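Asker: The residues making up each chain are set out below.
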Amino acid sequence: MKKIAITAYKCKQCGKLHYPFHDRCLQCKGREFDKVEPQGNVKLLTFTRIYNLPWGFDQRYLIIGVGEFENGVRAMGQIGVDEATPLQVGMTMIPSWEPVRVQNGENVFGLKLTPIT
Amino acid sequence: MRDVAIIGVGMIPFGRRDEDTLMDLLAWASLKALDDAGLGDKSVDAVYVANMGGGMIQRQTAIASSLVDRLSLLPAAAETIENGPASGASALKNGLLAVASGYYDTVLVVGGEKMREVTGWRATDFVATMTHPQAEYPYGITLPGMAGMFTRLYMEKYGVTREMLLAISLKNQEMGTLNPYAHVEMALDRAGIFDSRDAIVNNPTSADPLHLYDLCPVSDGAAAVVICPLDMAKKLTSKPPVLIAGFGQATDTHTLQEREDPTDLKAVTLAAQQAFERAKMKPSDIHVAELHDAFTILEIAESEHIGFFPKGQGGKAAVEGKTRLGGQLPINLSGGLKARGHPVGATGVAQVVDIVWQLRHELPKTRQVKNAQNGLTINFGGFGNNVLCFILRRVQD
Numbered sequence: 002m003k004k005i006a007i008t009a010y011k012c013k014q015c016g017k018l019h020y021p022f023h024d025r026c027l028q029c030k031g032r033e034f035d036k037v038e039p040q041g042n043v044k045l046l047t048f049t050r051i052y053n054l055p056w057g058f059d060q061r062y063l064i065i066g067v068g069e070f071e072n073g074v075r076a077m078g079q080i081g082v083d084e085a086t087p088l089q090v091g092m093t094m095i096p097s098w099e100p101v102r103v104q105n106g107e108n109v110f111g112l113k114l115t116p117i118t
Numbered sequence: 002m003r004d005v006a007i008i009g010v011g012m013i014p015f016g017r018r019d020e021d022t023l024m025d026l027l028a029w030a031s032l033k034a035l036d037d038a039g040l041g042d043k044s045v046d047a048v049y050v051a052n053m054g055g056g057m058i059q060r061q062t063a064i065a066s067s068l069v070d071r072l073s074l075l076p077a078a079a080e081t082i083e084n085g086p087a088s089g090a091s092a093l094k095n096g097l098l099a100v101a102s103g104y105y106d107t108v109l110v111v112g113g114e115k116m117r118e119v120t121g122w123r124a125t126d127f128v129a130t131m132t133h134p135q136a137e138y139p140y141g142i143t144l145p146g147m148a149g150m151f152t153r154l155y156m157e158k159y160g161v162t163r164e165m166l167l168a169i170s171l172k173n174q175e176m177g178t179l180n181p182y183a184h185v186e187m188a189l190d191r192a193g194i195f196d197s198r199d200a201i202v203n204n205p206t207s208a209d210p211l212h213l214y215d216l217c218p219v220s221d222g223a224a225a226v227v228i229c230p231l232d233m234a235k236k237l238t239s240k241p242p243v244l245i246a247g248f249g250q251a252t253d254t255h256t257l258q259e260r261e262d263p264t265d266l267k268a269v270t271l272a273a274q275q276a277f278e279r280a281k282m283k284p285s286d287i288h289v290a291e292l293h294d295a296f297t298i299l300e301i302a303e304s305e306h307i308g309f310f311p312k313g314q315g316g317k318a319a320v321e322g323k324t325r326l327g328g329q330l331p332i333n334l335s336g337g338l339k340a341r342g343h344p345v346g347a348t349g350v351a352q353v354v355d356i357v358w359q360l361r362h363e364l365p366k367t368r369q370v371k372n373a374q375n376g377l378t379i380n381f382g383g384f385g386n387n388v389l390c391f392i393l394r395r396v397q398d
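Keeping their order, the protein sequence lines are chains A and B.
Heads up: the first sequence at position 14 corresponds to 15 in this note's numbering, and the numbers run straight through without jumps.
Heads up: the second sequence at position 5 corresponds to 6 in this note's numbering, and the numbers run straight through without jumps.
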């Protein structure tokens with residue numbers, strides 16, 4: 002299984018966790034951070050099923066959500082279920098690092114979330 | 002700082018304008034505003050052009066330089082302002098500051114966009130380039146998708162229902178039928194999009210829980226205003242000048258996930274607070290508003306974050322008709338983005354044009370707020386990460 006290639010940044014001064022990267026802490030403007038890898042499963046915070054897709058996605062729909070890892074890192078990801086699968090805010094998802102789109106003939110990898118069944 | 006007035010406004014009908022170029026749209030709206038200001042055969046000191054997609058869609062950059070040449074406004078200073086869907090209000094803000102500071106006396110601000118030149122697929126991608134290039138865009142997120150995730154949270158927290166969203170769609174499309182500049186001039190039938198068995202076919206899910214008729218259309222269009230110092234206004238035009246009484250602008254995190262409470266539209270609250278403070282007004286002083294209803298949920302959420310209604314009460318107010326003509330606070334009597342359309346660079350200027358018509362009392366009875374004196378606009382960039390608010394006031398004779 003591929004490593005989840007997301008790096009979050011914890012401010013050395015105040016402890017605020019950031020993802021994506023900021024040059025200065027959003028809370029205290031500190032400039033030094035410890036790198037944090039997301040850990041554990043993901044709690045689904047919100048999601049949507051999108052049927053009017055942008056250029057580059059040759060499929061009928063996409064399910065996208067925002068989730069929070071067990072160590073507090075929050076990230077967007079694609080949810081890998083069919084459209085009829087019931088989803089609920091608060092449910093636990095298993096994260097993985099998989100192709101999320103194809104660009105110039107090559108896979109682009111990103112966060113995929115799958116509900117624990 | 003000098004007081005600044007709007008002395009001329011112009012708009013061209015929004016919609017699908019296959020025969021016209023982006024420059025046509027910008028030029029025609031500009032000429033209408035210059036004529037309205039009594040400057041039809043004169044020049045201006047500076048021109049600010051709001052446009053988001055010229056470089057990507059039309060493969061045209063330096064649009065302001067091209068426009069002053071086409072309009073024979075040389076050697077006026079000219080620049081293009083790109084600030085996503087808030088480009089229009091940003092351009093007006095820059096014009097306002099230039100006149101208020103005393104650097105320029107007469108400024109033309111025009112916003113325009115031609116989005117129907119490409120497929121919906123491409124247009125959706127173009128708008129999605131506003132999202133975070135690493136943390137959001139690669140996943141295929143769209144602005145309706147962002148709105149869908151926001152709506153789910155807002156429904157959960159504040160009890161907003163689909164019935165409340167429907168009230169916005171019905172009102173704004175009904176107003177669109179009365180607006181000759183609107184892209185969508187078709188009233189909606191409640192049963193057809195909500196109550197009947199056919200509703201799911203007529204009004205399919207777009208980004209759940211949002212449906213097709215919760216979204217604004219992709220449009221072509223342009224709108225323009227001419228501004229000058231208030232004390233010069235009466236010498237230039239016989240029309241009642243409209244004072245830019247206050248403006249505010251605020252930003253928020255690029256990604257929704259980094260907001261402590263993603264349902265809190267902080268930039269809307271802060272921009273409105275600044276505008277009220279500068280105008281020395283409060284929400285109850287506003288008689289008419291044009292809000293950025295790119296998605297129906299935004300009209301409800303913005304009306305609450307500005308302070309027109311308490312949190313959780315905006316949807317109920319819409320259902321009770323409080324935001325219709327004759328209600329407590331009429332909102333989007335132009336049809337809003339929902340019906341007038343949303344050519345992204347034009348929207349912030351078009352909202353101001355509609356409020357100026359309201360404050361000059363120039364609209365037909367079916368859309369005119371009786372004796373309106375003060376109006377407000379919200380132009381919402383990104384997904385609430387760059388928001389501008391204007392408060393306009395009719396200058397008493």
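Keep in mind that the hints were calculated from the coordinates and are not lab data.
Computed from a prediction, not measured in an experiment: that's the story for all the values here.
Be a bit skeptical, because a hint or two may be false.
To give a feel for the contact side, a few chain A residues facing chain B, derived at Cβ under 10 Å [stated by the list, open to error]:
id : residue
1  : Leu-27
2  : Cys-29
3  : Leu-46
4  : Thr-47
5  : Leu-54
6  : Tyr-62
7  : Pro-87
8  : Val-90
9  : Met-92
10 : Thr-93
11 : Ile-95
12 : Pro-96
13 : Trp-98
14 : Val-109
Beta carbons are placed, not taken as given, at the ideal position from N, Cα and C, and that holds for glycine.
Asker: For a quick check of understanding: which of the numbered hints are violated here, in increasing order?
Answerer: Numbers 2, 7, 9, 10, 11, 12, 13, in rising order.
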